[in-house]
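Chemist: The lines below spell out each chain.
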Amino acid sequence: MNALKKLFGGNTRQFGMIFALVALIVFFQIFTGGRTLTPGNVINLFNGNSYILILAIGMVLVIIAGHIDLSVGSVAAFVGVSVALAMRDWGLPWWAGVLFGLLLGAVIGAWQGLWTAYVGIPAFIVTLAGMLLFRGFNQFVGKSNTIPVSKDFQFIGSGYLPEIGPNTGFNNLTLLIGIVAAALVVIMSLRARAAAKALGADVPELWVEVTKLVLICGAILYATYLFATGRPGTSFPIPGLILAVLVLIYGFVADKTVLGRHVYAVGGNRHAAELSGVQSKKVNFMVMMNMSILAGLAGMIFVARSTASGPFDGVGWELDAIAAVFIGGAAVTGGVGTVIGSIVGGLVMAVLNNGLQLLGVGADLTQIIKGLVLLAAVAFDVYNKSQGKRSITGMLIKGFQRNNNEIKPDETTTTKEVISKEA
Amino acid sequence: MTSLDTQGDPILLEMRSITKEFPGVKALSNVSLRVMAGEIHAICGENGAGKSTLMKVLSGVYPYGSYTGDIVYQAATQQFKDIRASEAAGIVIIHQELALIPELSIMENIFLGNEPTKWGVIDWAEARKRSMELLARVGLREDPDTPIKEIGVGKQQLVEIAKALNKSVRLLILDEPTAALNESDSQHLLDLILGLKGKGITSIIISHKLNEIEQIADEITIIRDGKSIETLNVKRDGVDEDRIIKGMVGRTLESRFPDHEPKIGEVFFEVKDWTVGHPQIQDRLICKGSNFYVRRGEIVGFAGLMGAGRTELARSLFGHSYGRFIKGQVYKDGRPVNLRSVRQAIDAGLGYVTEDRKSLGLNLLDDIKTTTVAAALDKISNYTVVDARKEFSVAEEYRKSLRTKTPSVEEGVAKLSGGNQQKVVLAKWMFTDPDLLILDEPTRGIDVGAKYEIYGIIQRLANQGKGVIVISSELPELLGLSDRIYTIFEGAITGVLDKNEATQESLMKLMTSARKTA
Chain A
1 MNALKKLFGG NTRQFGMIFA LVALIVFFQI FTGGRTLTPG NVINLFNGNS YILILAIGMV
61 LVIIAGHIDL SVGSVAAFVG VSVALAMRDW GLPWWAGVLF GLLLGAVIGA WQGLWTAYVG
121 IPAFIVTLAG MLLFRGFNQF VGKSNTIPVS KDFQFIGSGY LPEIGPNTGF NNLTLLIGIV
181 AAALVVIMSL RARAAAKALG ADVPELWVEV TKLVLICGAI LYATYLFATG RPGTSFPIPG
241 LILAVLVLIY GFVADKTVLG RHVYAVGGNR HAAELSGVQS KKVNFMVMMN MSILAGLAGM
301 IFVARSTASG PFDGVGWELD AIAAVFIGGA AVTGGVGTVI GSIVGGLVMA VLNNGLQLLG
361 VGADLTQIIK GLVLLAAVAF DVYNKSQGKR SITGMLIKGF QRNNNEIKPD ETTTTKEVIS
421 KEA
Chain B
1 MTSLDTQGDP ILLEMRSITK EFPGVKALSN VSLRVMAGEI HAICGENGAG KSTLMKVLSG
61 VYPYGSYTGD IVYQAATQQF KDIRASEAAG IVIIHQELAL IPELSIMENI FLGNEPTKWG
121 VIDWAEARKR SMELLARVGL REDPDTPIKE IGVGKQQLVE IAKALNKSVR LLILDEPTAA
181 LNESDSQHLL DLILGLKGKG ITSIIISHKL NEIEQIADEI TIIRDGKSIE TLNVKRDGVD
241 EDRIIKGMVG RTLESRFPDH EPKIGEVFFE VKDWTVGHPQ IQDRLICKGS NFYVRRGEIV
301 GFAGLMGAGR TELARSLFGH SYGRFIKGQV YKDGRPVNLR SVRQAIDAGL GYVTEDRKSL
361 GLNLLDDIKT TTVAAALDKI SNYTVVDARK EFSVAEEYRK SLRTKTPSVE EGVAKLSGGN
421 QQKVVLAKWM FTDPDLLILD EPTRGIDVGA KYEIYGIIQR LANQGKGVIV ISSELPELLG
481 LSDRIYTIFE GAITGVLDKN EATQESLMKL MTSARKTA
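These protein sequences, in sequence, are chains A and B.
So in the working numbering the end of the first sequence lands on 423, straight run, no missing numbers.
So in the working numbering the end of the second sequence lands on 518, straight run, no missing numbers.
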């Protein structure tokens, strides 16, 4: 167990979720008699959940910044119907339709960001209003009808990587992407390790690093194998590709850029961030706007996949996205969360859904189980945080103040040392 | 009911060989404490010495069984399983961070969890009558219906005591009761504790303000590194501050301020007619036409009572982060500068270390390295991408030069002690390379040793030719550190004294009177 922990870093939550995901997959693989890890099912899983995972990327940033967005389902539906109409009635080509959809998402996001960031209305209220507003707009402009979209446009929701090159029995492009991805993971980890070592930071032992890389590369290559060996005409799905690119970009932005730092800072302690020169209003505005752009994208992918836009697209998506983010380790109070964690959280839910379906469990039981999983995941986290820290009574006395972590009684500079050094 | 010690005085409380361990740390090791009935007993020690832990053991926050040793109270061995049990025995603890609910009224707070009822319904008439009595006993003249958020910290502290009195307290424990109070409120509180002593209430007081302890305590127990070192009787042993410090640090501290030879240059920062309106209340001015200047290499003190507008002045200067209708002009190096946003202020070479480290100064979720670079991310990033290597090496550099005690710069700031947290905050601002650094209560809640280090850092900054403004409620600190001290009273600067002409008395006089406004 300790060795496993070392592999996934000290972060119990992240470790727990990856472990839970693997355990779930193994469980269903056994109990569905091997029907879980088949090319067809895995492709299906990605196709059917990529839009929720895309929403989770935006949602985790919103939640890190200390807000919430309840409107994403409605925004997705409104953008979806608008794009379908624009292409049908104005004759826009598919790529212009996509651009139009992203732009519309940005405008909606600016609207919500304006109220949230600059007027100062809690995002919960703004997006609750948005949820009603844009659902209404969806049904108003679409007249509650189903509006079909063209074959070209359907590609972004149900397309696959094309077959190119010699006939190897695999989908060559999928294979190439898989191998490049595995190679990149190895190179980047080793470089990061070398850099950390050069700085004198703590690095895990070599065997830990190697085992970790072997496991990750194994998972990537196995997934590649599954995607590349599906029935003819299928391979790595386009929505999955879009998702992968977004995860890379947003993961990088959140983790490595000034903007990402500012999002965490605003969510962690807004006042402290402002007094360090962070323009919190701008950050909040951008986070809310970004969410609606991604919601627009998710809506378009869904419409493309289901070949038509309808009045009840995206109902309940916000809850799936929010659940994914919290299972993935984000804190309700803001300041904590990761893009990759939210994807893992989303996958836990997706695998659960899919596996229960394969087992023939009804929708009623599925919901009950999903609800319990969400509760258990967050309870696990809360329990971990409270371990060895403060008793419940202690918390009650201190009045549940959010930012009052107890100071350990060691680590104090003692005067003796100061004096002996000054002397 | 009460046992007697060898001299025949009644013993109220005896804690015998208390040992309390946390995972990996022995917070208390064989600590003993004996408190006589009717005395004021002070507990002194550096931050992290184990004072608060000991009080938590006593009050049942750490329940019986989670420590070893005996608590003998009123001649009986006690096994408190929670706070309620210790309160039932008459032991009430008032924490440093007050446990009052800002939205509720004084009366509601006093009776919170202890409401007088009639047939299960709260009897407000009775509550009002009793809260009037209690408020009179603590000397607080406020309407019991006033919401807590509308009265100052000093008065809130009195409400806490009223709340304790309502629980028929026999042993009152005060953890740093005057840390957030100004001199006059502190004095009032100390007088009140003395008054309670006269009425037979025993107090245990934890404080870093040694002058106050010397003033009111009968006995002092000193704790160092989780061990009880000695118990001094103030009258019998002729205890003074130096004697207490000697016990706390294990040897005498020759000077509480490092030696410093100021190298003062020309005036480079000047504020003229600075006027700030209250953020909510129309027509109320928080700063009234303040004029002041700072020279290079100079440490300028700002003295004033709590609520005089010192922090507000600093924050309004620092990118208008406080107040409305701000008027006035700021000159830096002879040129007017615009400080409309915090970003502009930082770019103009200002830094501000807030008085409220936890809620305004730090993101407690962050680690040390992230905090160190938080105000100057541009310096370590290329095209807005943060360079993790630079970040690490910058943080490492400051960890070494400020001697921050931490296993690694990747440690969370929440895990550091107050003094080390303050060093991280100082590092954050030093890394922005400011010309003028404003320090608001830089040593609040920090123990003696770390204070000495912080003073050294401040002096080093001044020696580099930077201007430093120090706002402090502790006059000895201002006198020991500053080259020049401005006094503020009700938003107006009432005077300026040079290091050699300033005394506690002369400052106090200027801080409490609007003698001249020019």
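Please note: incorrect hints may appear among the correct ones.
[As the list claims (entries may be wrong)] Looking from chain B toward chain A, a few residues come up when the C-beta cut is under 7 Å (computed): (1) LYS149; (2) GLY152; (3) THR231; (4) LEU365; (5) VAL385; (6) LYS390.
[What the hints assert, rightly or not] Computed list of chain A residues with no C-beta within reach of chain B, every gap over 12 Å: (7) LEU128; (8) SER158; (9) VAL266.
[What the hints assert, rightly or not] Derived lysine to any residue pairs resembling SDA-like cross-links, with alpha carbons at most 20 Å apart: (10) LYS256(A) <-> ASN382(B); (11) LYS256(A) <-> LYS358(B); (12) LYS199(B) <-> GLN215(B); (13) LYS197(A) <-> ASP387(B); (14) LYS272(B) <-> LYS199(B); (15) LYS81(B) <-> ASP70(B); (16) LYS390(B) <-> ALA23(A); (17) LYS256(A) <-> ALA244(A); (18) LYS379(B) <-> VAL253(A); (19) LYS379(B) <-> SER189(A); (20) LYS282(A) <-> MET132(B); (21) LYS282(A) <-> ARG460(B); (22) LYS81(B) <-> ALA136(B); (23) LYS282(A) <-> LYS263(B); (24) LYS197(A) <-> VAL394(B); (25) LYS199(B) <-> MET132(B); (26) LYS263(B) <-> GLY445(B); (27) LYS281(A) <-> SER359(B); (28) LYS167(B) <-> GLN215(B); (29) LYS499(B) <-> THR231(B); (30) LYS256(A) <-> GLU14(B); (31) LYS167(B) <-> ASP242(B); (32) LYS197(A) <-> SER393(B); (33) LYS282(A) <-> THR19(B); (34) LYS358(B) <-> SER393(B); (35) LYS379(B) <-> ARG343(B); (36) LYS256(A) <-> GLN215(B); (37) LYS390(B) <-> SER189(A); (38) LYS390(B) <-> LYS282(A); (39) LYS212(A) <-> LEU365(A); (40) LYS499(B) <-> GLY445(B).
Honestly, the hints are just simulated from the structure, not real lab data.
Virtual Cβ for every residue (Gly too), placed ideally from N, Cα, C.
Chemist: Hint by hint, say whether it matches the structure.
Modeler: For each hint, the structure was consulted:
no.: 1; hint: LYS149; verdict: violated, 14 Å
no.: 2; hint: GLY152; verdict: violated, 19 Å
no.: 3; hint: THR231; verdict: violated, 21 Å
no.: 4; hint: LEU365; verdict: holds, 4 Å
no.: 5; hint: VAL385; verdict: holds, 5 Å
no.: 6; hint: LYS390; verdict: violated, 10 Å
no.: 7; hint: LEU128; verdict: holds, 24 Å
no.: 8; hint: SER158; verdict: holds, 35 Å
no.: 9; hint: VAL266; verdict: violated, 9 Å
no.: 10; hint: LYS256(A) <-> ASN382(B); verdict: holds, 11 Å
no.: 11; hint: LYS256(A) <-> LYS358(B); verdict: violated, 25 Å
no.: 12; hint: LYS199(B) <-> GLN215(B); verdict: holds, 19 Å
no.: 13; hint: LYS197(A) <-> ASP387(B); verdict: holds, 15 Å
no.: 14; hint: LYS272(B) <-> LYS199(B); verdict: violated, 53 Å
no.: 15; hint: LYS81(B) <-> ASP70(B); verdict: holds, 13 Å
no.: 16; hint: LYS390(B) <-> ALA23(A); verdict: violated, 39 Å
no.: 17; hint: LYS256(A) <-> ALA244(A); verdict: holds, 18 Å
no.: 18; hint: LYS379(B) <-> VAL253(A); verdict: holds, 18 Å
no.: 19; hint: LYS379(B) <-> SER189(A); verdict: violated, 25 Å
no.: 20; hint: LYS282(A) <-> MET132(B); verdict: violated, 49 Å
no.: 21; hint: LYS282(A) <-> ARG460(B); verdict: violated, 36 Å
no.: 22; hint: LYS81(B) <-> ALA136(B); verdict: violated, 33 Å
no.: 23; hint: LYS282(A) <-> LYS263(B); verdict: violated, 42 Å
no.: 24; hint: LYS197(A) <-> VAL394(B); verdict: holds, 16 Å
no.: 25; hint: LYS199(B) <-> MET132(B); verdict: holds, 19 Å
no.: 26; hint: LYS263(B) <-> GLY445(B); verdict: violated, 30 Å
no.: 27; hint: LYS281(A) <-> SER359(B); verdict: holds, 19 Å
no.: 28; hint: LYS167(B) <-> GLN215(B); verdict: violated, 27 Å
no.: 29; hint: LYS499(B) <-> THR231(B); verdict: violated, 37 Å
no.: 30; hint: LYS256(A) <-> GLU14(B); verdict: violated, 56 Å
no.: 31; hint: LYS167(B) <-> ASP242(B); verdict: violated, 37 Å
no.: 32; hint: LYS197(A) <-> SER393(B); verdict: holds, 12 Å
no.: 33; hint: LYS282(A) <-> THR19(B); verdict: violated, 51 Å
no.: 34; hint: LYS358(B) <-> SER393(B); verdict: violated, 25 Å
no.: 35; hint: LYS379(B) <-> ARG343(B); verdict: holds, 14 Å
no.: 36; hint: LYS256(A) <-> GLN215(B); verdict: violated, 54 Å
no.: 37; hint: LYS390(B) <-> SER189(A); verdict: holds, 18 Å
no.: 38; hint: LYS390(B) <-> LYS282(A); verdict: violated, 26 Å
no.: 39; hint: LYS212(A) <-> LEU365(A); verdict: violated, 36 Å
no.: 40; hint: LYS499(B) <-> GLY445(B); verdict: violated, 25 Å
Checked against the numbered hints given earlier, the structure breaks hints 1, 2, 3, 6, 9, 11, 14, 16, 19, 20, 21, 22, 23, 26, 28, 29, 30, 31, 33, 34, 36, 38, 39, 40 and satisfies all the rest.
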